[in-house]
Amino acid sequence: MAVAQSQLTRQRRRAALAFILPMMAVLAAVAGWPLLRTIYFSFTDANLDNIGSYAGVGFANFASLAQDPEWWHAVRNTVEFAAVSVTFETILGLVIALTLNAHLPGRGVVRAAVLIPWAIPTVVSAQMWNWMYNDLYGVLNYIFLKVGVIDHPYAWTGSPKLALVAVIIVDVWKTTPFMALLILAALQLLPAEIYEAAKLDGIPAPKVFWKVTLPLIKPALMVAVIFRTLDALRIFDLPYVLTGNSRETASMAVYARQKLIDFQDVGYGSAASTFLFVVIAVFTVVYITAGRVRFESR
Amino acid sequence: MKARKIIGSTLFYLLVTAIVVYTIFPFYWAIVSSLKEGSALYKVDFLPPKPEWGNYTAIFKEQPFGKNILNSLVVAVSVVVISLALSVTASYALGRINFRGRTPLLLIVLSVSMFPQVAVLSGMFELVSWLGIYDRLWSLSLSYMILTLPFTTWVLTTFMRELPKELEEAALVDGAKPLTIITKVFLPLLGPAMATTGLLAFIAAWNEFMFAITFTLSNERRTVPVAIALISGASRFELPWGRVMAASVIVTVPLVVLVLIFQRRIVSGLTAGAVKG
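Quick mapping for you: the protein sequence lines, in order, are chains C and X. For the record, in the first sequence the residue sitting at position 103 is 102 according to numbering that gives the first Met the number 0, with numbers rising by one throughout. For the record, in the second sequence the residue sitting at position 46 is 45 according to numbering that gives the first Met the number 0, with numbers rising by one throughout.
So here's chain C without its partners, still in its complex pose:
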């Protein structure tokens, strides 16, 4: 029996290898290899025109990257964008999740409604908001003027001060649903007895939220926040479609792609991409460790 068992185990292990190999081969071809090439290119003067001929330049690309104010501007845009939009998404996501979690009629409508921004392609969201932001005919200026929030129409995506805000507003609109659903999933795992006990003891609802709900969902909330931060640091579509390669909103990904494709400077663009990759890698390690800590404590 023991022999048969181990034979079976061995057979299953062999099968496991055969099953995983095709998937890993494709991943290696479309992720591993291109990534290695990008890192390699970042030490060369490769050009898009003739990507086959290049010479090594050492750290020169990284050195000029470090001295490029436009690059640091893009880094600042990205960090500002990520910090502000993730903060708002977390707060709004909490509000929506708590609303969805309240067992009152009408929550089905809310859940269906919040899924709509999530389902809309980013490019389409960007264009929809672009039209609402229009300085002459946009509905936002119309409404805000009517209500009296502003006294003259704003060029939302055109003005240097407002452009990044405009990008953040669309991102918050588009991704808060995702946040809300992740938080809702955590809320629904909480045992009902705690709330019944709190109710019996007559503890006011805000206090229950701060002292019971928030600490209990904190691990899930942290995972969601890191997940969203990673997404926000990689942002490309939204600023690109909303404001083009504009310096005021260019994220690290927009900047890197512009150098790489529009200016055909593969070496320099790859250096910027590699930098972004390293930032993301650090965050990913944090995410995976944070996720595992939570996994083991359960």
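Since the hints were made in silico from the structure, they are not lab data. Cβ coordinates follow ideal geometry from the N, Cα and C atoms, glycine included. Hints should not be assumed to be uniformly reliable.
[As the list claims (entries may be wrong)] No farther apart than 25 Å at their CA atoms in a straight line, the calculated lysine to any residue pairs in the SDA-like style are these: (1) X:Lys42 to C:Leu188; (2) X:Lys1 to C:Phe208; (3) C:Lys206 to X:Asp44; (4) C:Lys198 to C:Leu186; (5) C:Lys145 to X:Phe45; (6) X:Lys4 to C:Glu195; (7) C:Lys210 to X:Lys164; (8) X:Lys42 to C:Trp209; (9) X:Lys164 to C:Trp209; (10) X:Lys4 to C:Phe61; (11) C:Lys198 to X:Lys42; (12) X:Lys49 to X:Val252; (13) X:Lys164 to X:Ile132; (14) X:Lys4 to C:Trp209; (15) C:Lys217 to C:Ser245; (16) C:Lys145 to X:Thr16; (17) X:Lys66 to X:Ile132; (18) X:Lys164 to C:Ala17; (19) C:Lys217 to X:Arg3; (20) C:Lys206 to C:Ala196; (21) C:Lys206 to X:Arg3; (22) C:Lys206 to X:Lys164; (23) X:Lys49 to X:Lys66; (24) X:Lys1 to C:Lys145; (25) X:Lys1 to C:Asp200; (26) X:Lys183 to C:Ala17; (27) C:Lys210 to C:Leu144.
[Said to hold, decoys possible] Which stretches of chain X does chain C cover? Using the computed rule of at least three CB atoms under 8 Å from a CB of chain C, they are: (28) 12-24; (29) 68-80; (30) 114-125; (31) 188-196; (32) 240-252.
Given chain C's structure and the hints, the job is docking chain X onto it.
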């Protein structure tokens, strides 16, 4: 006490209304704008006085929007089929067979899903031109694997793990081979999970923009997001907004309908990918 309760529920429903208006209004406004033509577009009417369909017919006549939709469909469907086929076998191995190196493999798969697309852009560009598929739809089917494969593998693995052990044991006693176990025992049970994962992969491929704008060049090869981003009028300041909104509505309505039909499944699929991780 009663008065307080009424105030409370009034506030609650005000909040509900605010959330619904906030999430739906931009899409509603796109629909309304797409039904206005000429000068009507530049007047703010929250209901179009008389719906005009001119924008909808124009995008199919003035540009190859039908072709763009077809391109997006071809790419998205091929991506869904290939990534499901590759990940269903892999997820069986990762979810149900104990072998050394399983956890590192899962971590690699998870980290790939975190890659910024731009980090593989130059390497992918080289690969695409080397394979001779630049400005071909195949370049997108291939490059989108990096977006969908880690995700489908990860989610299907979590689903595989949750299925009861007894199912497999009965088949093992009968001497079934691993591939038979997958196709005969698990595949029928994984139907709903495959549908959800497939739908999410479809949406990811349908919406992708950076690879699509980089690896395709001609109007005829563009996918929908690129076509919508590049619809242009005489100048940057004269975008034909009615047409842009009509195109946006056309590509979004099917997605919204699908998402609303499958909303429960989608929510569980999304959270399986993130929270349980």
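Results of checking the hints against the structure:
{"no.": "1", "hint": "X:Lys42 to C:Leu188", "verdict": "49 Å, violated"}
{"no.": "2", "hint": "X:Lys1 to C:Phe208", "verdict": "23 Å, holds"}
{"no.": "3", "hint": "C:Lys206 to X:Asp44", "verdict": "45 Å, violated"}
{"no.": "4", "hint": "C:Lys198 to C:Leu186", "verdict": "17 Å, holds"}
{"no.": "5", "hint": "C:Lys145 to X:Phe45", "verdict": "14 Å, holds"}
{"no.": "6", "hint": "X:Lys4 to C:Glu195", "verdict": "18 Å, holds"}
{"no.": "7", "hint": "C:Lys210 to X:Lys164", "verdict": "40 Å, violated"}
{"no.": "8", "hint": "X:Lys42 to C:Trp209", "verdict": "47 Å, violated"}
{"no.": "9", "hint": "X:Lys164 to C:Trp209", "verdict": "41 Å, violated"}
{"no.": "10", "hint": "X:Lys4 to C:Phe61", "verdict": "63 Å, violated"}
{"no.": "11", "hint": "C:Lys198 to X:Lys42", "verdict": "52 Å, violated"}
{"no.": "12", "hint": "X:Lys49 to X:Val252", "verdict": "21 Å, holds"}
{"no.": "13", "hint": "X:Lys164 to X:Ile132", "verdict": "44 Å, violated"}
{"no.": "14", "hint": "X:Lys4 to C:Trp209", "verdict": "22 Å, holds"}
{"no.": "15", "hint": "C:Lys217 to C:Ser245", "verdict": "37 Å, violated"}
{"no.": "16", "hint": "C:Lys145 to X:Thr16", "verdict": "20 Å, holds"}
{"no.": "17", "hint": "X:Lys66 to X:Ile132", "verdict": "19 Å, holds"}
{"no.": "18", "hint": "X:Lys164 to C:Ala17", "verdict": "22 Å, holds"}
{"no.": "19", "hint": "C:Lys217 to X:Arg3", "verdict": "31 Å, violated"}
{"no.": "20", "hint": "C:Lys206 to C:Ala196", "verdict": "13 Å, holds"}
{"no.": "21", "hint": "C:Lys206 to X:Arg3", "verdict": "18 Å, holds"}
{"no.": "22", "hint": "C:Lys206 to X:Lys164", "verdict": "44 Å, violated"}
{"no.": "23", "hint": "X:Lys49 to X:Lys66", "verdict": "29 Å, violated"}
{"no.": "24", "hint": "X:Lys1 to C:Lys145", "verdict": "37 Å, violated"}
{"no.": "25", "hint": "X:Lys1 to C:Asp200", "verdict": "20 Å, holds"}
{"no.": "26", "hint": "X:Lys183 to C:Ala17", "verdict": "18 Å, holds"}
{"no.": "27", "hint": "C:Lys210 to C:Leu144", "verdict": "41 Å, violated"}
{"no.": "28", "hint": "12-24", "verdict": "holds (count 8)"}
{"no.": "29", "hint": "68-80", "verdict": "violated (count 0)"}
{"no.": "30", "hint": "114-125", "verdict": "holds (count 12)"}
{"no.": "31", "hint": "188-196", "verdict": "violated (count 0)"}
{"no.": "32", "hint": "240-252", "verdict": "holds (count 6)"}
When held up to the earlier numbered hints, the structure conflicts with 1, 3, 7, 8, 9, 10, 11, 13, 15, 19, 22, 23, 24, 27, 29, 31 and fits the remainder.
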